[in-house]
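Put chain B on the given structure of chain A with help from the hints.
Top to bottom, those sequences are chains A and B.
Under the numbering used here, the first residue of the first sequence carries the number 3, and numbering increases by one thereafter.
Under the numbering used here, the first residue of the second sequence carries the number 3, and numbering increases by one thereafter.
No wet-lab data here; the hints were simulated from the structure.
Fair warning: there could be bad hints in the mix.
Each pair may be met inside one copy or between any two copies, as identical chains are not told apart.
[Claimed, not checked] Below are the DSBU-like pairs computed for lysine-lysine, each with C-alpha atoms no more than 30 angstroms apart in a straight line:
(1) 171 x 351
(2) 171 x 218
(3) 156 x 171
This structure is a prediction, so every number in the text was calculated from the model and none was measured.
Number of protein chains: 2
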Amino acid sequence: MNIKKKIEQANEVALERMSNVQPILVDIELEAMNVIPAMDKKTILHAGPPIDWGRMCGPTQGAIAGILVYEGLAANIEEGYELAASGEIKFDCNHDHDTVGPMTGVTSPHQPVFVLEDRENGRKSYCTLNEGRGKVLRFGGWDFEVLDRLNWMKDILAPALKKAVNHAKGIDIKSIISESLHMGDEAHNRNRSGSYLFMREITPHLMDTVDVSTAKEVFLFLTQNADIFNLNLSMPHSKLIADAARDIDYCSLVVAMARNGTDIGIQVSALGREWFTSPATMVDGLYFPGFSEEDACPDLGDSTISEVIGIGGFSMASSPAIVSFVGGSASEAVSRTERMYEITAGKSKTFTIPSLNFRGAPTGIDIRKVVELNEPPLINTGIAHKEAGIGQIGAGLTSAPLEMFHEALKSFGKKYL
Amino acid sequence: MNIKKKIEQANEVALERMSNVQPILVDIELEAMNVIPAMDKKTILHAGPPIDWGRMCGPTQGAIAGILVYEGLAANIEEGYELAASGEIKFDCNHDHDTVGPMTGVTSPHQPVFVLEDRENGRKSYCTLNEGRGKVLRFGGWDFEVLDRLNWMKDILAPALKKAVNHAKGIDIKSIISESLHMGDEAHNRNRSGSYLFMREITPHLMDTVDVSTAKEVFLFLTQNADIFNLNLSMPHSKLIADAARDIDYCSLVVAMARNGTDIGIQVSALGREWFTSPATMVDGLYFPGFSEEDACPDLGDSTISEVIGIGGFSMASSPAIVSFVGGSASEAVSRTERMYEITAGKSKTFTIPSLNFRGAPTGIDIRKVVELNEPPLINTGIAHKEAGIGQIGAGLTSAPLEMFHEALKSFGKKYL
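One chain only, chain A, in its complex shape:
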C-alpha cells in the first residue's frame, strides 16, 4: 500500500473515532487538582502551547498573578507577580493535562472544573466554569471584582451545579452543541442557544437539589452570561472529540490548535505531543468603544479546539448573526465555511449546517491540504487588552499562520518518507 493510501485510511479512522465520541458532563469537581492529571498545589496551567513566564503576554501574566492571590499563595497582586517570576510555580499548558481554557486559560489547583467523559472510551477532559463578560480572569483581569466572582463561583455556583449534574446523572453536551448549530450558534464566539439548552437540562435538577434562592441565583447568572457560558462546555466537549483522533499512525490531522498570546501551536495525530508553533497573529476585529488594534494582545486561548473539530470559525455559516460581533458579512460567513471544506478530511455526521442544506461541518484539518492549497484554517475569537487588568476589548477574525503547518508537514515527511 502506498503512503498516500495509508494516510487516507488513517484519516478515515480518525474521523470515525471523532464521530463516535459521546461527551457527557459527568461532574463538577470543586478542586481541579483532585482530577486534573499531574497537577499539584504549585501548578498553574495556561492556554496555548507551553511557554515560560518571561515570554508570557500581559493578560496571561496578570491572570496568573491574580489566581495566585485566589489560591492564597500571594497576599496581593504584586506578590503574585513576584511569586510567579520566582521559579517556585510550575507552569504548563492545559492541553497536555487533558484540559482546555478560553483566552488566558488559567487553571489553578483550587478552581472548580467541569468534568466531561467520553462514554465511548472513558477518556476525560476538564475546563473551568465561565465567568461571563466584563472584567474576568480569562481576559487578564485580576481585581477584587474578579476575585470575588471567582470565590462566589467556587462557593455557590459550582457546588449547586455539581449537585444538579450528579442528580441528572450526566448531561449530553454533544446533543446540545449540535442543536445549537441549528439555532444560530457556532459554539465558539456565539453560545447563546447552547447556554439556553444547557439551562433547559440543568434547571429542573437545580430545583430538585438546592434551595430555591440558590437555584434562582444560579439561573440568573447563567441567563446573564448566556452569550458565553456554554463555551466552557463546548470546549472540553471538542477536546474529547479531538483527542479521539490522537496517536493514529500516518494520520495527518490536527488534534490541537491553541494560542498563548505569544505563540500559536498545533499538534498532529501521528506526531504525538510535539507542538509546532508560530508567532501568534493579530486579530482583525470589531473593537469596543475606546479601544483599537494598538491595544490588542495577539491571538489567545485554547478555544480554537472548536475549529479543530469543525465548529466555531469553520461553522460560521450556521451563525450569520455572529458577524455583528466578530465583523464581516453574512455572505462572508458562508464563504468562510465553504473554504474550510478544502482543507478538511470530511464532513461531520453530528454537526450540520442548516443554511447549507444540512451539510456536515468541515471536520479534521489536514496539514497536507493546508500546505498544498496555502489555505490557512480560519479562527474567530475574542480580543484581550495587551496589558493585564483591563479585559476584553473586542472580537474578530484571524487565520492560523501557515508556517507551523509547513514545519509539521516536514516532520511528518521525515517520519514517513
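Below, chain B alone, put in the same frame as chain A:
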C-alpha cells in the same frame, strides 16, 4: 395630491404605527370571558373569517364539541356536537374579538388566555395558552387526554404563569421575537428559541411566586413543548402590531389574514372589518408517517397574522432549519423571503434577518402589489387531519389565493376612485 400619493403616505403611516407598537404580556386571565370583548358563557370563538357551524371543517367542529364538554355545557362529545348544531351557541371569529388562535383557534369562555397590551396605545389582544404537540384541541383533538391537559392548564399552568407574569410586571414579547429571529426561529412554525427566551424571563419569577414542585412542573411543560409554546405569544404580539395599522384612510395594507379550514380571508386597513375570502387552499407538506395529502384538512388557523407583520413564512430566511419540518431547501427559504419584498410596503425596523445581512423583514402586504405582480403571500403552517379527533399530521407550505386580493382591490377601488 393624487390618489397614488395618498395611498403611499397612508401606508407609510401604517408602517410607522406598526413599528411603534410595544406588545407586553401583562397578565394571564383565567377565564377568557372576563376580558375578551362581547364574549358570554355561550360564545365560542374560532380561527379564520366568520363561518356557520354547518360549513365548518372537521377539526373545528370536533374542537368545538370538545370544548363544550370542557365548559360543562355538554356531558360528552356527542352532546357537544348536538349542542353546537342546535343554534344555542354563538359562534364568531377570534379576530373580531381582539383575539387570535392557532389552527382551529377555538377560544371558550372558561379557558385561560394570555393578555397582551400595547404600551404605546393601550390596545389589547388575547390568545389561549399553547397545549404542545400530540393530541390537542387546536388540531381537532377532543378525547380525555386533551381535556385532562386543558384542565391541568387551567388549574396549574395558567395560575402559576399568571403569578410569575404579575410579579415580573410584564414581559416584553417583541424583544423576544426579535431576538429569536437571530436564533433560527421564524416565530410561526419554529418557536424553539423564542420559547427558551420566554423561559429565561419567566423562570426566576416562577421561583419567586410558586412552590418549587409547581415551578418545576411548569418549567418541564415549557421545555417539552418549546418547539411551539411561544407561538401563542408570538401571535397575539403580531395581532397588536397588525391592529395598529387598522382603519387608516387610503391604506392598502392587509391587517388580518386567517383561515378556518373552509375559507381564508383578509381584512384591509382602509376597508374596516369586511372580510374578503377565498376557499382555503391545500398545503404542500411533509406528512408524519402513515398520513398523506388525502387525509389533510385545508389551510387552517389565525397564525398567518405572523406573515401579516413580516415574520413566519415571510422571514423563512431567518430559519433555514425549518425546512426539515415544512419542506423545501434552505436556499428556497431565502428566495421565498426575497420574493416577499416585492409585495410589501417596507422593511421592519424591529425584525431583522441575519443571513440577509440584517435586512429588515418584508412588512406590510400591499394588496395592490399582490394583484399587480400576481405574487401571492407565502405561508408556512401545520396541517390538521380533516377529521376530528386525530390531530396534526404534518406541516408545509402554501400561498394565499389571489382571488380575495382581487376582490379587496375592487372594493378599495370603488371606495377611492
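Results of checking the hints against the structure:
1. Proximity of residue 171 to residue 351 under the C-alpha cut-off of 30 angstroms is restricted to the intra-copy arrangement: shortest distance 26 angstroms within a copy versus 45 angstroms between copies.
2. Both within a single protomer and between protomers do residue 171 and residue 218 lie at most 30 angstroms apart by alpha-carbon distance, with minima of 21 angstroms and 18 angstroms respectively.
3. Proximity of residue 156 and residue 171 under a CA criterion of 30 angstroms is satisfied intra-copy only: 21 angstroms inside one chain copy versus 33 angstroms between copies.
Going through the hint list in order, the structure satisfies each hint without exception.
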